[in-house]
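The sequence shown stops at residue 763 when you use our numbering, and every number in between is there.
Hints listed in this document are in silico derivations from the structure and should not be mistaken for laboratory results. Each residue gets a CB set at the ideal place from its N, CA and C atoms; glycine is no exception. Mixed in with the good hints there might be a few duds.
Stated by the list, open to error - Mimicking EDC-like on lysine to aspartate or glutamate, the simulated pairs with C-alpha atoms at most 16 Å apart in a straight line are:
1) LYS548 x GLU616
2) LYS108 x ASP168
3) LYS656 x GLU616
4) LYS435 x ASP407
5) LYS612 x GLU657
6) LYS112 x ASP84
7) LYS653 x GLU623
8) LYS268 x ASP282
9) LYS612 x ASP556
10) LYS612 x GLU623
11) LYS268 x ASP168
12) LYS597 x GLU545
13) LYS100 x GLU206
14) LYS654 x GLU616
15) LYS475 x GLU445
16) LYS153 x GLU122
Claimed, not checked - Here are the computed distance ranges between Cβ atoms for each label pair:
17) SER271 x GLY348: 50 to 58 Å
18) ASP391 x ALA360: 19 to 27 Å
19) ILE371 x ILE329: 55 to 63 Å
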Amino acid sequence: MGNITAFSCFIFLTFAVFTTARPKSGPDQKCKSGPVDLVFLIDSSRSVRPHEFETMRKFMIDILNTLDIGLDTTRVGVVQYSSKVRSEFFLKTHSKLESMVKAINEIVPLAQGTMTGLAIRYLMNEAFTPGQGDRPKVPNVAVIVTDGRPQDRVAEVAAEAREKGIEIYAVGVARADMTSLRAMASPPFEDHVFLVERFDLIHQFGLQFQDKLCGIDLCLESDHGCEHICESSPGSYTCDCLPGYRLNTDGKTCSAIDLCAEGKHDCQQICTSSPGSFTCDCNQGYHLNNDKKTCSPIDLCAEGKHGCEQVCIYSGPGSFTCDCNEGYRLNGDKKTCSPIDLCAEGKHGCEQVCIYSGPGSFTCDCNEGYRLNGDKKTCSPIDLCAEGKHDCEQVCVNMGPGIFTCDCNKGYRLNEDEKSCSAIDLCAEGKHDCEQLCISAPGVFTCDCNKGFKLNKDKRTCTNMDMCNTVKHGCEYQCVNTPGSFYCVCPEGQLLQEDGKTCGTCKSANIDLVLLIDGSKSVRPQNFELVKKFVNQVVDSLDVSAHGTRVGLVQYSSRVRTEFPLNMYHTAADIKNAVMKVDYMEKGTMTGLALKHMLENSFSEAEGARPASRNIPRVGLVFTDGRSQDDISEYAKKAKEAGITMYAVGVGKAVEDELREIASDPVDKHFYYTTDFTAINTIAENLKLNICPAESQGEVEVKDPCACENMVEFQQGTINTLDLLTEKLAAMASRLEQLENQLLSRK
């Protein structure tokens, strides 16, 4: 290490020389630092321009002019690399400066890639080998000059080279990558890594080392930073540590050698460390044997070192517990013993009276009015009620030996004589919760209702049987009574709306509709405008409102973008305006990604989809003009499994198999295709989203009236109609009865 760092002297010296006028070499400029084997590894990739390579050639010659060249002093080799590695001359090739300079001037650049890792491995395997002039016990130094980022891995091979003793200087120029330079260079990096802006400045990085010339004692004249010991060498220094310490990876600070922590001891139990040494000890309850390493347990009972009054129990090495003979217990001092009085301590099990009969012995007895049971512990009281020795009219309650009180049966209360009973009239006392009428029985009651009302299932409250005439029901067409409530109906051909009161046509059916439109580059801008008009034709066929149909729009290409969610616009006009302002995305066709986005985001409540519990239909419409660049199968299947009705509309080069895979069953009613963008308006006219089959053009399913399932459907529809008429008739009869009662009451 001392010889290698010593070489820093003449490297630094040459760097310092380049920062001045660089005089011609002579005896005064030679660094007498000792023998060194030096190899230049120069980057000749195509990014190094001819005039820059000439500067690098001059850079090497200037360094050689400062060195003491010779087979017994400094040997020099030169290797250039790009995508391959070529040795220009080895360490053994030249023994004189003139021949080296001539060889350097004859180098022809390779002008290919930048395989720096390959070049470093060549240094290890070829350049620094005995066969090519590498000398044993002579420092190996490599100076790598590069202008770019390596095209292969350098960190591992550079680390391997450093482990083999090669000291590496990394000089980066212009486009060089600092991270790669640090990965190659030897530590410390401030002494081995250099970066300059351009080739004509390559000689300027040596100025900072002018104070580190050969012969200066850096330990005495510099802030070397060694924690313990600084060992000086010509132009350099190394740090060392006191005995019992080792040098850390920073090369300056020291850490104590903890033989205990490193397991480098033979203590049986406890190792106590000091820097570079240790002593053995034992856990509590053990003593150290004569060998000062192993331990033996201590038996204090056997050695009589316990102080127990009666019994000593061995409980482990160096530990014991005291105990007592039968009939005695251990005192608080855990050593002496006292006799046990179970009666005084309440540890007897007698229900009433304990009589002490000796240490650890007792007998049980009972208080007056009780008798001892067969278990000789518990007592039973004398029950006057059970023996019939009372004068209660209805119920006798035993209160203890020779004590009782009288009580009454349910529905009765005890009189002042505390013996006889009287019936309780809850209705008369107002102790009931009947809404209208209370009918009394002893201690109980039943509820009833006035005429025109019906007793509810709770047997307490009453329901007005004619709500349609007594409340503001708000039904647009007709109100129908039900027990305690009502519902609204609409005329034939119309449907009851979401508010439960108004009527509307099938067009106003509520859905959550998300349209996925293809914005890939194959659509082209003029056709994308036709797609937006197609979307607005679909919107024209819907009853758009916050409580009616909601519409969201998603555009996709190589990515997916929500143009507006379901809860953004609540009128058809606002939606159509927003559609016409959508910008064309271009790029690829990731239909699978769009389906995933629709399933996970567009139909979420956060983006305006109504809760699934409301059973609002969810409809997805996919428009595309070509084959998807990703897989659609997974999310096309998941969308339909999630209850989303899927429509697929294709134009031009759209793939029919993909469209059919997206579409819901029956596929023929959810799949559309046309060869020309100008014809998509026809699809918009025919597309009614199957919400109102009667309005769908060309999509109305013609049913066979004689088919069994259709006859059952017709029969069920007829029964439902009859049930509705029966309810209406019952409501009318109830209303007539009420009118008759009102006329009679007026008379």
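Status of each hint after checking the structure:
| no. | hint | result |
| --- | --- | --- |
| 1 | LYS548 x GLU616 | violated, 24 Å |
| 2 | LYS108 x ASP168 | violated, 29 Å |
| 3 | LYS656 x GLU616 | holds, 13 Å |
| 4 | LYS435 x ASP407 | holds, 7 Å |
| 5 | LYS612 x GLU657 | holds, 13 Å |
| 6 | LYS112 x ASP84 | holds, 9 Å |
| 7 | LYS653 x GLU623 | violated, 22 Å |
| 8 | LYS268 x ASP282 | violated, 31 Å |
| 9 | LYS612 x ASP556 | violated, 27 Å |
| 10 | LYS612 x GLU623 | holds, 15 Å |
| 11 | LYS268 x ASP168 | violated, 33 Å |
| 12 | LYS597 x GLU545 | holds, 10 Å |
| 13 | LYS100 x GLU206 | violated, 30 Å |
| 14 | LYS654 x GLU616 | holds, 10 Å |
| 15 | LYS475 x GLU445 | violated, 19 Å |
| 16 | LYS153 x GLU122 | violated, 32 Å |
| 17 | SER271 x GLY348: 50 to 58 Å | holds, 52 Å |
| 18 | ASP391 x ALA360: 19 to 27 Å | holds, 22 Å |
| 19 | ILE371 x ILE329: 55 to 63 Å | violated, 34 Å |
Hints 1, 2, 7, 8, 9, 11, 13, 15, 16 and 19 from the list above are not met by this structure, while the remaining hints are.
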